[in-house]
Amino acid sequence: MDKKRDVWQGTLALMILRTLDTRGAEHGYGIARRIEQVSGDRLMLNYGTVYPALLKLEQEGSISSEWGVSDNGRKAKFYKLTRAGRAHLKREARQWEETTDIIARFFAPEELQ
Amino acid sequence: MRLAGPFQKERREREMAEEFESHFQMHVEENLRQGMDAAQALREARLKFGGVHQTKESVRDGWTVLALETTWRDLHYAIRGLRGNPGFAAAAILSLALGIGASVAIFTLADNLLLRPLPYREPGRLMMVWEVSPPGNNRNSVSAGNYLDWKAQNHVFESIAVFNERPAAFAEGSRVEELQEQFVSADLLPMLGVQPLRGRLFTAAEDLPNASSVVLISYRVWQSWFGGDDGAIGRTVQVRSRPATIIGVMPPGFYFRDRDVDLWEPIGLDPAHDYRKDSGRYLMCVARLQPGVTRDRAQTQMTVVARRLQADYPQSNTRWNVNVEPLRDSLVSEVRVSMLVLLGAVGLLLAVACANVANLLLARYMSRRREMSVRLVIGAGRGRLVRQLITESVVLGLAGGVLGVVLARLAVAGLLAIAPADLTRNIAIVVDYRIILFAVASPMLTGVLFGLAPSFVASRADLTLGLRENSRTSVGGAGLLRAWLVAAEVALSVILLAGAGLLFRTLAGLQSVDPGLNPAGLLTFRVELPEARYHERLQRTQFFERALQQIGRLPGVESASAVSYLPFNGMAAGTDLAIAGRPRALPGAGPAATVRTVMPGYFRTIGIPLKRGRVFADADDTPDSPYRFVVNQAFVEKYMAHEEPLGQQISVDMDDTNPFGEIIGVVGNVKEGALDQEPTPTVYYIHAHLAYPGMVFVVRTPLDPLSLAGAMRRLIHDIDPAQPVAQMRTMETVLRETFARQTFSALLLGGFSLVSLALAAVGIYGVLAYSVTERTREIGVRVALGADPRRILKLVLGGGMRVVLFGALAGTVGALALTGLLKSLLFGVTSYDPATFATVTLVLIAVALLAAYLPARRASRLAPVDALKVE
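Residue numbers (this note's numbering), protein chains in the order written: chain A, 135 to 247; chain B, 15 to 885.
By construction, these hints were calculated from the structure, which means they are not laboratory data.
Honestly, I wouldn't trust all of these hints.
[Unchecked claim] Listed next, the stretches of chain A that the computed footprint assigns to chain B, with coverage defined by at least 3 CB atoms under 8 Å from CB atoms of chain B:
no.: 1; region: 181-189
no.: 2; region: 203-213
[Claimed, not checked] Below, computed lysine-lysine pairings styled on BS3-like, alpha-carbon distance capped at 27 Å:
no.: 3; chain 1: A; residue 1: Lys211; chain 2: A; residue 2: Lys224
no.: 4; chain 1: B; residue 1: Lys625; chain 2: B; residue 2: Lys685
no.: 5; chain 1: A; residue 1: Lys209; chain 2: B; residue 2: Lys23
no.: 6; chain 1: B; residue 1: Lys70; chain 2: A; residue 2: Lys214
no.: 7; chain 1: A; residue 1: Lys211; chain 2: B; residue 2: Lys62
Backbone N, C-alpha and C fix where the C-beta goes; we use that ideal spot for every residue, glycine too.
Just chain A, same shape as in the assembly:
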């Protein structure tokens, strides 16, 4: 059960980083909404779970936070990628690509080997 959660948390962290990469600065609610949207509503995400993940990312130094004002004038905490975070994201993305590539080879039809 724990391992699954770890994997899930790792994936969530990636998704958050990617979201921030595309969207720039965003608040917790916005990030959660966005993740749901991007996954095509296929992920049933409890919004609250982004917050522990955001904390961990901030502790690692991949994101930084700042209080600001949302579009409708609400006070909200905004997160954005740090330089280290961007590097981390690039690294992880590359790894994903490689992994997917290798797996794809295994599942490819026989002739292409």
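Starting from the structure of chain A, add chain B where the hints point.
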């Protein structure tokens, strides 16, 4: 900017709450826009969020993990840093341990001996009431007559009681032991608020002259004699050869003024008797103030009472006054000065230790500045840096603190072993944890403070400046600060050394004083004959005669005699006397002398020289022989300065009848009370005419005196099996105990100053070593340019010694100012004694030179290649 501590947690909680709140609001708004109603919107938002409580806990877990990780990492880093620099770590921890150890040890002792409240109910309201003699002794014993009148006439005490002490033989069957017994009036123990452990206290009816004898025993006696058995209550024992019933047991550790007392008995004063007719001043008086009455008011009223008594009883009370003194003051006054001096010394030592630690930290961080700057540049928060520095100081502080507490425990045990016995008998040392906290906190705070200093330096200055390697700007502000610290350490050490030096010279002075007798090879022991079995005076004289005869026949005994009070014991009887042919003076206004009663052969045995006339012979030692006296030189000088003393008649106020007697001899002075006081006039009786039941035997032997102890005990036992022998010790031991206090103080202060010196030496070494390291390039250049290594040596040494000399000068000035405080402890040496100060300065300079020499030599040996290579 991350701050440490509880504020951060509060802020984080608040922010988390705000963030979640705003999350909900945004979600609800979104839902409303999509057409849900208020209730629905809220419900959907909540559902979508998931468990709020759970989420909050997850976030909090995240905080904890981080905090733990960071702390662990800091700790790890700090320990690694210290291990990589063992010299620095050892020096810092040792400095801390020594400073903390000394402080805790002395504060503990001072607390237990000086500050702890007396173990009685409301001890601040207990007063000693003394008589004040016309010459001005304001702690004079009290007469029974005056006490009874005080009791009747005062308005300020809710109770007032008297007491005194004597040794007593305590026996049951054939077992006998000499105990110290306190005689108390019935209201004394209740006044103290003490409850017996078993049984009960005395009643008023038992405190009358003819009441049957009842006694209270101490816990120790209850255990050692009766095994803690409750059956001891009601048992009849023999006290001073008279039967007495035990009615109670006092609690363990209970004492009143004398820890040695094991037995209490009612004093049995008769309120109807006129004590002024036949007894003198031999009691001590303690009283409890009424609620609301101050000591001053009591003093005023008692003075009025005293005046009234002066008028009513001119014969005994003219010019005698009253002194009301808080009980605590009367107990600690002699010790107070020594204790305060020691506390002062400890303060100085702690300061030196702190200075050392500060110095070491500064030096170390100065050399790590570059590293600090680098870490700042790559993004470690300044807060993080500060945390790491503090962690290191805390680690040092804890290590030093633990070691220090261990040292303190050893020190306390050691100090108790060498402390004067009368201060420490039966004491139970209680350690106050506030003391430990203070002693550990102060160096740690210093460490933290100085540990933080470099973080300010490193972060305020231009970071690139720090990165640029340089040896020039290093000896700048911080270098000066370190030099000042070393100078301060040196100054403080000088003060401690000067104090110790003066005390040692005092000790030497005391030991070289001629006591007036020959203490070597003398065995002493006391025998106290009970009045019940030795009622007749002749019986007592015969006992001592018989004992001395037999002792004289023992092999190894050169001569033997006995005296009522041994010199240097601090105790002696004293009274007025009259000289024939002169008008009789009022009591207290005329000649007075210390009185001793001796057996024949005393002066020869103890080594007091005869100056004129003759000493007592056996023929004098009969009750029928005419009264004869021997006096000392001080007596003659004071009262018969230009006259012939031999043949003059004097009468001394010791007994019921005091016939005039002829002075037959003059003997040399003995420093009666203490070695550093002038001898008092003394009159010696022969035992037959003043037959004290208790005498101290003195036996001169060429052998080791204590080897005869067993033989003496057996001999006395053979004469009277029920008679215990007490205080068997050599005369030299007695003499040594006279200046036990000075020895103790001197040793303590000597110990401190040595520690301080060691710390200062470490400080000097440390500063110079680092200075050399930093100036390595400069030195290398000099050498490359052809400088003589000896010049380098002198250069470094010179720099160091300048600081030391400055500190020594400041210290000497300070010492001159402060040693005046020691005056009351000094003997034979002034508080500004030039020889002592000169020696101290020389010792300090020698040690400083040694400490400075090593780094200086290292500097002079630097090969230019190595020097220039260092970055």
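Are at least 3 residues of the region 203-213 of chain A within less than 8 Å of chain B when you compare beta carbons? Our answer is that it holds, as 6 residues pass the Cβ test (under 8 Å) against chain B, meeting three.
Given coverage of the region 181-189 of chain A by chain B, checked by CB-CB distance under 8 Å (3 or more): With 6 residues in contact (Cβ-Cβ under 8 Å with chain B), the coverage given for the region 181-189 of chain A holds.
Decide if the proposed pair is consistent with the structure: A/Lys211 and B/Lys62, CA atoms, cutoff 27 Å inclusive. The hint holds at about 19 Å.
Decide if the proposed pair is consistent with the structure: B/Lys625 and B/Lys685, CA atoms, cutoff 27 Å inclusive. holds, 16 Å
Measure nothing beyond the straight line between the CA atoms of A/Lys209 and B/Lys23; if it is 27 Å or shorter, mark the hint as holding. holds, 21 Å
Do the alpha carbons of A/Lys211 and A/Lys224 lie within 27 Å of each other, as the hint requires? holds, 25 Å
27 Å Cα cutoff - pair B/Lys70, A/Lys214: Holds, at about 22 Å.
In the structure shown, no violation is registered for any of the earlier numbered hints.
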